[in-house]
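Protein chains in written order, with my numbering: chain R, 797 to 895; chain C, 2 to 244.
Footprint (simulated), chain R over chain C, 3 or more residues, beta carbon under 8 Å: (1) 27–37; (2) 100–113; (3) 165–179.
Listed next, with one range per pair, are the computed distances between beta-carbon atoms: (4) R:Leu805 / C:Leu148: 18 to 24 Å; (5) C:Ile30 / R:Leu873: 21 to 27 Å; (6) C:Leu164 / R:Leu802: 29 to 35 Å; (7) C:Ser125 / R:Leu813: 20 to 26 Å.
Honestly, the hints are just simulated from the structure, not real lab data.
Backbone N, C-alpha and C define an ideal beta-carbon position, used for all residues, glycine too.
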Amino acid sequence: MISLFLLVLGLALVTYLPRLVPLLWLKELALPAYMKRFLSFIPYAVLASLIFPGVLSSTTTTSSALFGGVVATFLALLRVNLVVVVIGAVFGVYAFQTI
Amino acid sequence: MATSIHPTSPTSPQPTFRAGLRAGIPVAIGYIPIAIAFGLLAQSFNLPNAITLSMSFLIFAGASQFITVQLLMAGSMYWEIILTTFILNSRHFLMSASLSQRIESTSRRLLATIAFGVTDETFSIASTRQEARSGMFVLGLNTIAFLAWNVGTWMGVFLAFGLPSTLQASMGIALYAMFIGLLVPSLTTRPVFVVASLAIIIQAILHWVITPFFSISDGIRIIVATVVAAGFGAFLFKEEEVT
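Next comes chain R alone, as it looks inside the complex (with noise of 0.2 Å):
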């Protein structure tokens, strides 16, 4: 427990000095053209590494997960809201498990 709290401490720091350091200090920071490219293609590699292959075990079997990745991707290309994309999902697995 006490170690789980200090887990969360240092997740709570490693999360705020990105977002404090650049809105308090900007100036003193001259990046490199190369490197705003690579810190602008992050959220994208992040997101990317992060769906796959972990989705595949994000529910208790591979096929209901493998469904709720299509229903998610089908609800994200026709732009919806996150919302919806998220609780369709979501609905789609239990549909998906109870049928």
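Add chain C to chain R, keeping to what the hints say.
Just chain C, lined up with the frame of chain R:
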């Protein structure tokens, strides 16, 4: 376009803060179900309530809270979880950098408070609204998002008892649905598409080709695939603007 950023006078920050609260309502509505899903997921893994609630209170970053729960349950080392979270949240660095150019407020205490609430969603509102030049407006926006995230987490944690276990098990997909919902609409430019595909290919190779012979944890695989794919992107697409 009106250049005035304060609805009344610059000396009274209250109306601007309230305008920020109002501007954050769509974000707050969106956060509640995702935060409920987070609370439910943590419950289904038997994470202590105090830990789940303090994560939403102290960290306030949806994706990294979900991935922390997943990695904890996969038995990852703490330093791997911290490194994964740091890399995952390095994107906020760019958002804060962009905000630092927009916000005219100079109070360091106010800026430090605003920094805590920088998320994908609050940033997308702050970077499209004229009023966001006022620090108090952004503070209002971040405040309502933070409240919704915490209320949702409490709801998820304490509602969990009443939900059927199959529905709780279905919550595992919520995180990935959120990632898919964030990534897929961005795949319209070639550099982004190439980098995302590259990350998936590297992940597949690490997972199915390398791991059977040489064990690599989930956290390390995510970090390696992210850094290599983004690095290749920066190397391959020298001319193009990414966003």
